[in-house]
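Asks: Chain by chain, the residues run as shown.
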Amino acid sequence: MKLSNKFKFTGRRQTIIFAASLLLPLSVVAANQFPAPDAEQVKRGEYLSRAANCMGCHTTRGGEPYAGGRTLKTPFGEFVTPNITPDNETGIGRWSGEDFWQALHFGKGRDGSYLYPVFPYTEYTKVTREDADAIFAYLRSLKPVAQTNPPHKINPPYDNQFLLFLWRTWYFKEGVHEPDNSKSEEWNRGNYLVQGLGHCNACHTPRNVWGATQDSKLAGGEIMGTYWYAPSLISPLEAGVGEWSIDEIVKLLSTGINKHAVTSGPMATVVRQSLQYLSPEDIRAMAVYLQSIGEKRSRNEALKKIPPMPERVSKYLALGKPVYEKHCQGCHGESGEGVPGIYPPLAGNRNVTMTSPHNTIRSVLYGGFPPVTAGNPRPYGMPPFQHIIRDNEIAWVVSYIRNTWGNLGSLVSPEEVDSSRGNEF
Amino acid sequence: MKFIVFILLWAIVGSANALELGASEIPDTLEQRVKPCIICHGDEDRAGRDAYYPRIAGKPAGYLFNQLRNFRDGRRYYQAMAILLENMSDDYLLEIAHYFSSLKYPYPQPTANTLSPDETQAVETLIHSGDPDRDIPACSACHGKALTGTKPFIPSLLGLPHAYLAAQFGGWRNGGIMRGQTPDCMSEIAKKMTQKEVNALAMWLPTQPVTGEPAEMEELTPELMQRCHTILSGEGFIQ
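Chains as they are written, first to last, in the numbering used here: chain A, 1 to 425; chain B, 1 to 239.
I should point out that these hints are in silico values taken from the structure, not numbers from a laboratory.
One thing to keep in mind: the hints can contain errors.
Stated by the list, open to error - The calculated label-pair distances, taken between Cβ atoms and stated as ranges, are:
| hint | chain 1 | residue 1 | chain 2 | residue 2 | range |
| --- | --- | --- | --- | --- | --- |
| 1 | A | 377 | B | 132 | 44 to 50 Å |
| 2 | B | 78 | A | 281 | 54 to 60 Å |
| 3 | A | 150 | B | 132 | 39 to 45 Å |
Backbone N, C-alpha and C fix where the C-beta goes; we use that ideal spot for every residue, glycine too.
Please take these sequences and the hints and turn them into a complete structure.
Replies: So this is what it looks like as structure tokens:
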């Protein structure tokens, strides 16, 4: 093993030297595999790895940061994130900058094998070499953690590298982000952060049966291995922000809460781990980009004319009213108006009315606190109701809030409440 | 006349303001912020559909702080707590721990002792002397002579109902929903006791009235400090 690594190392070295003789100006960068630690670069890398939220997947609950070991469940098997601290035996201690670039940009492991797209190289491929080198410099500056993580448990036949090769041919397009010169610098920065480093697509896009993200349009989708739905960032019926002001978008992304909405579930974690640390300029750039891709229709325009409600539907909804009054009204108000910045409004709340009721059901089942951020250091919380009220009552109350105060959504059944249970803990 | 109209107008405007305030008048207090906790952890212990919810009022702050972090970081397992605490900071959890620690609610009345004199004798020996042959320390050595805990990391053994005590011992002995800090000295000690002893302890402790102040850390022996150092470390804890 050691020998072959050594051989490969020399081989690559030779290739580089050969390439260097052809492309003299590039050789300085390419041959310099372990550049002297540059404090400025490391600092930049730390910031960029926050933006890319490497820690989010490469850390277990309560575990050593970046030492990996977190299990990501997918329909194709269970993937365990690797240790990316610079430990020689169990981490990336023996990696070169080029190895790191191969992984991030081409989705190839150090041994040349294809990586599974559970590692979002489909998005990270847009990251520039300069940024990738900075992230690598930062990771190399971390304290090495000797931690061997369990192997993946991939369901056959998906463990076949040839199938992965086919998948890549079909679904993976390699290439660094190309600025659109017709747009502002700020918009392009936002595009780079959303589509590249921030890999928002990994959740906010539907995946096909082969687990491939359908496009880069952020049209919303179920998050693999969780019971959460990541809403569309385009549609005014979901989480599209085409009609929000830049300041409102910035507030939600950087503090986890604004007057319209609160982040919950996996998005709350993204705000805590990543977005709250971004510079005001970068958050603003993301907001500018997200605002530009959101459809410019208000929710009301997007809603078709509301048909009259059949009597049996009104009867079903009436069941939810007393449940609402007993358990919800105290914070969310008599008319679902909420308290801005503290308790989110339910009237006109798109998380409540969107086609998938799962997120709302989960909020009722499990409650939660908005993420603790510099902008919201002592959040107000919502209690879990899973053990207080029964599934049928949760179905009634969720149906009620989806269809009161001008809201319009499908009715929810106790079976749907049950199927929203489950979690990754 | 003008005066009366003025007063009327003032009253109307005033009441309109009051109504508006009513909607957004959320107290800027920790009590309001942690209301979600009260649904289970009220002023008394409560048996729920899926689990047992102990009262947390008046427990030592360091102990609560450690437990909150254990739930968040997966060292102590309970799904509902893990989800609630997922995105909380140490600073906020410390504040919450101090808040619940400061609450003073009356303790439940002691229950009648249904153990035989022999059983009672055996339990009292375990409580005050332990069993050196099996390396079981006296309960009072850590939990204080009055058994009301040692500030700030060791909880009281009194004022707790039988069901809670039995569940905790079960968790330490068998794993399951309760994983303490690893390596946890209580887990190690509980495994050295017999099931009979555990049952008797869980029966005897609720028969004792809660009197006496919690002990101070200095009263712990160096040997026990070492044995239970994971519980007593509480990194980041500020009194």
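Asks: It remains to establish, for every hint, whether it holds in the given structure.
Replies: Results of checking the hints against the structure:
A hinted range of 44 to 50 Å holds for the C-beta pair residue 377 of chain A and residue 132 of chain B, which are about 49 Å apart. Distance hint check: the CB atoms of residue 78 of chain B and residue 281 of chain A are about 41 Å apart, inconsistent with the given range 54 to 60 Å. At roughly 41 Å, the beta carbons of residue 150 of chain A and residue 132 of chain B sit within the given window of 39 to 45 Å.
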